[in-house]
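Enquirer: Sequence:
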Amino acid sequence: MKSTSFFANLAGGLLSLNAVTASQADWTTLNATVGGRLQVGVPFSQPCFPHAAGGPKVQNEALCAEIQARNEDHIFRAQHFGAYELTQWEQCQTQKGDECMMDWTNPTNAAAFAPPRQCRQGSVPPVYLEVNDVDDVRAAYNFTKKTKVPLVVKNSGHDYIGRSAGPGSLALWMKNLQKIELETQFVPAGCPPATKPALALTIGAGQQFRTILDFAKENNITFAAGADPSVGASGGWVMGGGHSGLSPTFGLGVDRVLEFKIVTPDGVLRTANKCQNEDLFFALRGGGGGTFGVVLESTFVVEPTITVQVVLGMYNATRENSKKLIQELAKGAEGLAADGWGGYVTPALASGVWLHPSFSEEEAQKSSQSLLDAFASVGGSHMFFTMPTFTDFFDTFIAPNTDQVGRPQVLATRLFSGAALSDPVTVDAMIDGMLDSDFGQILAVTPYNVKDTGTSVNPAWRKAVWHTLMSYNWNFGSTLDEIVAQYNKLTEKWAVVRERTADSGAYLNEADVFEPNYQTAFWGDNYDKLLAIKNKYDPDHLLDCWHCVGWKGPQDPLYKCYPDPSGTLKSSSSEEKRESDPIKDEL
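Residue 14 is where the sequence shown starts when you use the working numbering, and the numbers rise one by one after that.
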């Protein structure tokens with residue numbers, strides 16, 4: 014499914030210039046500046062619909078069949094601009110019918126796309142540019158300064174809080190930046206000659222974990238990647254923290270990144286590392302993506318190939334067994350983290366898997382005894398494996414069981430310290446929230462053994478041993494009340510957890526859209542410093558995103574599609590906003 018050019022679509026009646034706030038002359042100038050490469054953002058499922066709203070016939074049965082077959086294919090979704098891994102960012106949640114969505118429980122269900130349903134634009138940016146170089150970013154900045162059309166940055170679309178979507182916006186899509194280069198003696202630019210060189214991997218903003226892990230295996234190195242093949246390593250993953258199953262030993266992505274190349278909102282290409290633009294380097298290591306500038310590439314320290322010891326635990330996942338298992342695992346969680354074990358517990362898969370990057374088989378079996386005891390307590394079983402590379406571990410245990418995509422999914426998360434996991438009331442509240450939700454998971458992916466390296470993530474990461482989540486879904490055609498009810502369930506189910514872990518926080522990349530006191534939850538006492546850096550490099554706030562550093566607030570029209578569960582976020586109703594909305598002609 015490939016979008017045709019911006020002006021070809023315009024001439025074909027697929028998009029009206031009334032859909033965005035700039036004049037035709039402004040768009041013509043921008044399009045000429047970028048070599049005629051502006052594109053119309055087409056919703057992912059459009060080929061399944063007979064007609065776009067108010068437009069011509071768009072149905073394509075062959076493309077529709079492929080979309081239906083690959084709705085939950087992470088890489089396939091990441092290859093299409095109009096697709097998001099979580100589809101509430103394709104729809105306008107506040108406007109019933111303002112979506113172009115399939116039935117995720119049965120993508121061939123014609124009720125989702127048969128007349129009178131029409132494909133509507135939702136929150137998919139109506140215009141985008143595939144970024145090739147610095148000049149593309151500069152042109153977008155200049156355009157936004159003049160026209161006030163909001164600018165968003167989209168990587169792979171693996172986005173939990175909607176930072177890369179937005180009605181009426183111009184999107185910069187980073188997928189073309191595919192650089193991947195291994196250096197055996199990397200020294201950050203501008204550092205003294207005596208600086209100790211590192212084995213390092215430089216990665217363009219469009220590179221995703223799938224390709225990076227394959228490259229790592231082919232080149233006998235180890236990259237501490239996260240748990241989804243479609244995530245972009247140089248995007249929001251690293252700028253928001255970047256956890257991995259290897260984090261207890263090797264640290265978060267922000268601990269391993271050595272350098273960024275970024276175009277700040279003044280149009281300057283800057284190199285940020287420990288020797289130059291140090292304040293920006295601090296901000297980019299945990300302050301979040303899409304707010305301090307547009308990162309073109311980043312460089313990470315990597316390890317030689319490692320042999321990975323793995324423990325797989327399996328059990329009969331009744332609610333009673335799951336609760337008891339997690340209670341028992343919590344007792345040994347801090348010891349496992351201290352020993353360097355990372356892992357994932359997924360009751361929906363009736364299993365948990367842990368890995369260690371340096372133990373021998375004998376050491377692994379001795380160190381993991383608390384895991385074995387926990388599974389034995391519920392009549393479960395276990396198996397040990399030795400994997401020749403981290404990529405082999407990923408391909409065997411992670412890639413087949415990655416996050417649920419192709420559906421709306423909202424989630425709440427929390428970082429749990431060893432002290433919090435020693436409190437039965439807190440543990441039970443966390444367990445009940447997870448097991449009562451549509452999908453819950455425990456991720457033992459915290460940098461427990463790595464001291465802060467000057468990052469801006471919440472310091473609670475350094476004490477945490479678990480990062481846990483719970484989530485809820487809905488489906489096509491849901492009403493605003495039904496959607497709001499799912500958000501409210503998150504708030505209600507997670508309230509006790511938040512209250513009893515007030516000194517902790519949440520992972521900003523995998524957070525509740527309505528995380529209370531988000532500045533503290535995401536950044537702890539680093540927020541004021543981050544805000545000063547934001548104001549230094551982006552004084553006009555050209556870049557804004559939901560709950561990001563320097564966020565301008567929910568009243569901005571960019572956020573008109575976010576619901577308002579509390580009833581206090583917006584000063585007027587969604588219907589009133591609809592009347593003044595510049596996007597009236599849908600795709």
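Check each hint, because a few of them may be wrong.
[Said to hold, decoys possible] As a list, the in silico EDC-like pairs of lysine to aspartate or glutamate whose alpha-carbon atoms are at most 16 Å apart: (1) K337 - D386; (2) K161 - D39; (3) K337 - D445; (4) K506 - D445; (5) K159 - D279; (6) K337 - D465; (7) K192 - D146; (8) K192 - D227; (9) K476 - D465; (10) K109 - D553; (11) K230 - E194; (12) K158 - D465; (13) K230 - D494; (14) K336 - D445; (15) K502 - D451; (16) K159 - D451; (17) K549 - D386; (18) K336 - D436; (19) K336 - D449; (20) K379 - D352; (21) K158 - D352; (22) K344 - D441; (23) K542 - D292; (24) K502 - D577; (25) K344 - D279; (26) K230 - E316; (27) K158 - D441.
Note that these hints are calculated values from the structure, not bench results.
Enquirer: If a hint holds in the structure, say so; if it doesn't, say that too.
Expert: Verification of the supplied hints:
Simply put, K337 and D386 have alpha-carbon atoms about 12 Å apart, close enough for the 16 Å limit, and the pair holds. Between the alpha carbons of K161 and D39 the distance comes to roughly 11 Å, so the proposed pair stays at or under 16 Å and holds. Using a Cα cut-off of 16 Å, the hinted pair K337 and D445 holds, with the two alpha carbons roughly 11 Å apart. As the CA atoms of K506 and D445 are separated by approximately 8 Å, the hinted pair is consistent with the 16 Å bound.
Between K159 and D279 the CA atoms are separated by roughly 13 Å; this keeps the pair inside 16 Å, and the hint holds. Straight-line distance between C-alpha atoms of K337 and D465 comes to about 34 Å, which puts the hinted pair past the 16 Å bound. Of the supplied pair hints, the one linking K192 and D146 holds, its CA atoms being roughly 12 Å apart against a limit of 16 Å. At most 16 Å may separate the alpha-carbon atoms for a hinted pair to count; K192 and D227 meet this at roughly 14 Å.
Between K476 and D465 the CA atoms are separated by roughly 11 Å; this keeps the pair inside 16 Å, and the hint holds. The hinted pair formed by K109 and D553 fails the criterion: a straight-line CA distance of about 34 Å is larger than 16 Å. For a cut-off of 16 Å, the pair hint linking K230 to E194 stands: about 14 Å separates their Cα positions. Restraint check for K158 and D465: not satisfied, since their Cα atoms lie roughly 37 Å apart, outside the 16 Å limit.
Between K230 and D494, the direct Cα distance comes to roughly 48 Å. Violation of the 16 Å bound is thereby established for this hinted pair. Restraint check: the Cα-Cα separation between K336 and D445 comes to about 8 Å, which is no more than 16 Å; the hinted pair holds. Pair hint K502 plus D451 holds up; C-alpha atoms about 11 Å apart against a cutoff of 16 Å. For the given pair, K159 sits about 45 Å from D451 by alpha-carbon distance, which is inconsistent with the 16 Å threshold.
About 53 Å separates the Cα atoms of K549 and D386, which puts this hinted pair outside 16 Å; it is violated. Under the criterion of a C-alpha separation no larger than 16 Å, the hint pairing K336 with D436 is consistent with the structure, at around 15 Å. Under the criterion of a C-alpha separation no larger than 16 Å, the hint pairing K336 with D449 is consistent with the structure, at around 11 Å. For the proposed pair K379 and D352, the alpha carbon gap of about 11 Å is at most 16 Å, so the pair holds.
The hinted pair formed by K158 and D352 fails the criterion: a straight-line CA distance of about 51 Å is larger than 16 Å. This hinted pair checks out: K344 and D441 have alpha carbons roughly 13 Å apart, not beyond 16 Å. For the given pair, K542 sits about 9 Å from D292 by alpha-carbon distance, which is consistent with the 16 Å threshold. In summary, the hint linking K502 to D577 is supported, as the alpha carbons are separated by about 14 Å, within the 16 Å threshold.
For a cut-off of 16 Å, the pair hint linking K344 to D279 is broken: about 51 Å separates their Cα positions. Between the alpha carbons of K230 and E316 the distance comes to roughly 11 Å, so the proposed pair stays at or under 16 Å and holds. The hinted pair formed by K158 and D441 fails the criterion: a straight-line CA distance of about 50 Å is larger than 16 Å.
The structure is inconsistent with the numbered hints 6, 10, 12, 13, 16, 17, 21, 25 and 27, although it conforms to all the rest.
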